[in-house]
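**Q** Following the hints, position chain B with the ligands against chain A.
2 protein chains.
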Amino acid sequence: MALATLVHPTGSHPASWLHPSAYPGASMDIGYYRDMARLAERGMFDLFFIADTPAARTSQLEAYARFPLFMNVFEPLTLLAALAGATTYIGLGGTASTSFFEPYNVARQFASLDHISGGRAAWNVVTSANDFAARNFGLDRLPPHGDRYERAREFVDVVRKLWDTWEDGAFLRDRESGLFFDPAKQHPVAHEGRHFRVNGALNIERVPQGQPVIIQAGASDTGREFAAETAELVFASDSTLEAGQRFYADLKGRMARHGRPPEALKVLAGLPAIVADSEQEAEDTYQTLQALIHPDVGRMRLGMDLEADLSGLPLDEPIPPERIPASANLHKAYFEHILGMIREGLTLRQLYMRYERGNRTIRGTPKQVADHMEEWFTSGAADGFMLTFSLLPRGMADFIEKVVPELQRRGLVKREWRGRTLRENVGLERPGHRRQ
Amino acid sequence: MALATLVHPTGSHPASWLHPSAYPGASMDIGYYRDMARLAERGMFDLFFIADTPAARTSQLEAYARFPLFMNVFEPLTLLAALAGATTYIGLGGTASTSFFEPYNVARQFASLDHISGGRAAWNVVTSANDFAARNFGLDRLPPHGDRYERAREFVDVVRKLWDTWEDGAFLRDRESGLFFDPAKQHPVAHEGRHFRVNGALNIERVPQGQPVIIQAGASDTGREFAAETAELVFASDSTLEAGQRFYADLKGRMARHGRPPEALKVLAGLPAIVADSEQEAEDTYQTLQALIHPDVGRMRLGMDLEADLSGLPLDEPIPPERIPASANLHKAYFEHILGMIREGLTLRQLYMRYERGNRTIRGTPKQVADHMEEWFTSGAADGFMLTFSLLPRGMADFIEKVVPELQRRGLVKREWRGRTLRENVGLERPGHRRQ
Ligand SMILES: Cc1cc2nc3c(=O)[nH]c(=O)nc-3n(C[C@H](O)[C@H](O)[C@H](O)COP(=O)(O)O)c2cc1C
Ligand SMILES: Cc1cc2nc3c(=O)[nH]c(=O)nc-3n(C[C@H](O)[C@H](O)[C@H](O)COP(=O)(O)O)c2cc1C
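If you read the sequences in order, they're chains A and B.
Taking UniProt numbering, the leading residue of the first sequence gets 1, the next gets one more, and so forth.
Taking UniProt numbering, the leading residue of the second sequence gets 1, the next gets one more, and so forth.
For reference, chain A alone in the conformation it holds in the complex:
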């Protein structure tokens, strides 16, 4: 199975930076990231992944000051390039938004990262769900969901054409003939689309991986169709085995339409995990973190996904029905999940304490976590996992010390690297060059 990890500086828990064992300077310490990437590599993780949004919040700062998600972080491409030299095998994945960037720059930077890392680059294609980002790029707000995905499809199409500007072996570097490259092996892009006009050639040769790996995490119908057409790694976020199996089957089922075999895409199930020698110990770690959530942060995170203003409401009463919108506009799945809990009659405090974005954190022994992973892997719900750790680097170190050896014993995780590229290690074929 493929192992990936999504890294937030001090961990994925909203209060992680407040934990006594956390290093509050983490987000701006390149040495810290280097150590963590090396740790993940020693633990046989295939992918070290940096999520991103190109914006810092400018409102609700009282709450964000206590929950500084994406407020002060390295930019992913520069970060990953810096990590390339500190690691040898682990894949280096990062997010870049198709809504605000230019295809030429994205194509070029990921290609450059693939060369710098010797074939370990992966691009997480997102359309961004954040009006703050839109305002940094000349817009008042985010374009509608469908338009964003339309642009994303065209964006990826252009990027892939750019990646195939040069055939493999185009650069001869032949002093005898005096030819540095073979002019016949350049295939300039001539793209005139609804969103982009790109007519030219990428100024970097075809990468070690043929093309960098494409990651996608869309959950909507449009998002899934896009993933089936174009993604090679997909981050899933279902919380039950049945939902995971449905998602897996649905996604793989869509691929034939696009002429792709199911193994050309690996589903990585999201897995927030706290591992300890006893279940109680894992639970204690979780509860220690939960107790550190400030009510302002709880309110804000819940309100964001409920798309409601919860300020001023008493914590120990249910949310008044008139504050709850009739339907969701941003993350439908999160919204429905919260509505379900509201129907159970929970108070505001109980709601935000129980609510986790995406799937529930599994708290358990190494055996329990390994069993969970084995079950998902062997019953058609996942080709691998995207691990997130509430507390870093401790959570990752625990997982590597306790769970990875168990998975290796079961033959589920490799003991040796299969190769030097991300594609080789997760079992994705190197794409052939398509003449343009």
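A few of these clues could be false.
If several chains are the same, the list does not tell them apart, and a pair holds so long as it fits within one copy or across any two.
[Said to hold, decoys possible] Below, computed lysine to any residue pairings styled on SDA-like, alpha-carbon distance capped at 20 Å:
1. Lys161 - Leu139
2. Lys185 - Ser59
3. Lys402 - Glu375
4. Lys252 - Glu41
5. Lys161 - Gly138
6. Lys367 - Glu279
7. Lys252 - Asp221
8. Lys252 - Ser21
9. Lys414 - Ala243
10. Lys367 - Thr240
11. Lys161 - Ser59
12. Lys402 - Asp277
13. Lys185 - Gln60
Hints were generated in silico from the structure; no laboratory data involved.
**A** Only chain B with the ligands this time, still in chain A's reference frame:
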């Protein structure tokens, strides 16, 4: 004096890659760049600089196959981030174009590089003079010179505001109060201009250098005015001492108008140098390289700056007058320089063999090169130098072995690093934060 070097993979000579001592794989070998950056650092260079244009040529490929400038290179930001971990003191400068990129991304990537490198980032602001680049970003051709500089001014203004999103010390990381940052120290940008609308906050804290260093190399009147207003390092390219002094005095003279003291900007004179123990040996190295220039390359490079099609013309006759345009559209100075040589009655071959873009390569002994540098430095033509080497890494190694110690003996080059940031080492003040 400040020392900088502009690095092209195998050297700045158009035929460098053909030289027997060159490493033809240089442009895609990160280890090669790492070694070169370390070499420059050992030689007390303050700045390792990567020029750039976001395009590969798609025409005249027969000539470009023999002179592969920018056809296959790392992208500068990812490259510099990768070099940060391999070096400790040397500044890391790169080009990003204001004509095709977005201020938010540029601000963020250079800020990230500054944090990753501990205060060593520098941005060379260019407007690009290349229609191939324009076509990669939705345009048919480059906007006019004046428009490009207007956009560049606004671009830099926005970037600087973004860099001052957060005051120094805004990030408290204080577990006791539970405040990661002080909301009062965030100053979002509210920019509505002719070219950009940016309303938001940079998601990275103020950098070690306060702001990354701004480099500029404009030679036109508009370019100089822009430099006087905003640049901190300026690459000059005059070929005589008198011209250098005029440029220096002109540029520094323009600064008062913008409320800047002259020492806030350092002029680095371009210096292509070949050093050897005897003048003859240096000349031989130069002539060996010259002899490797293929006639197609000579024609193409000359034709580019003469803005004329020279194909099919006999090499050993002068260029027929009807092929020569009445005036220049791109690089006026290069054009005039070629016209001057044409008036001397040179043949096409003599022209391209004698023509160098920018200033003439100095070929000499360590003493001759050091004398040249001392003269320019002490007579008001330069605060430092931007060295280019015909052949890399050899040319740089020779310079470091033979010239740097001589400059140190004369007290012109430091023996110890003054600090860990580029600003400290070249003597530029850390800019204070301007409230927005
Ligand atoms: C593991 C994971 C990582 C994600 N990373 C990012 C990210 O870095 N940036 C971003 O804007 N969205 C990110 N997303 C959001 C998805 O790209 C997507 O927008 C979301 O799942 C909603 O699906 P939809 O776009 O199909 O509506 C991530 C989602 C998951 C599950
Ligand atoms: C040392 C040096 C380095 C330069 N690097 C670049 C570069 O990397 N990219 C680019 O487009 N232009 C580069 N230029 C060109 C200048 O930015 C500028 O466009 C040129 O000198 C003409 O001046 P003008 O823009 O004022 O007309 C460089 C010039 C010099 C002298």
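**Q** When the structure is checked against the list of hints, which entries are broken? Sort them ascending.
**A** Of the numbered hints given earlier, those the structure breaks are 4, 8, 9, listed in rising order.
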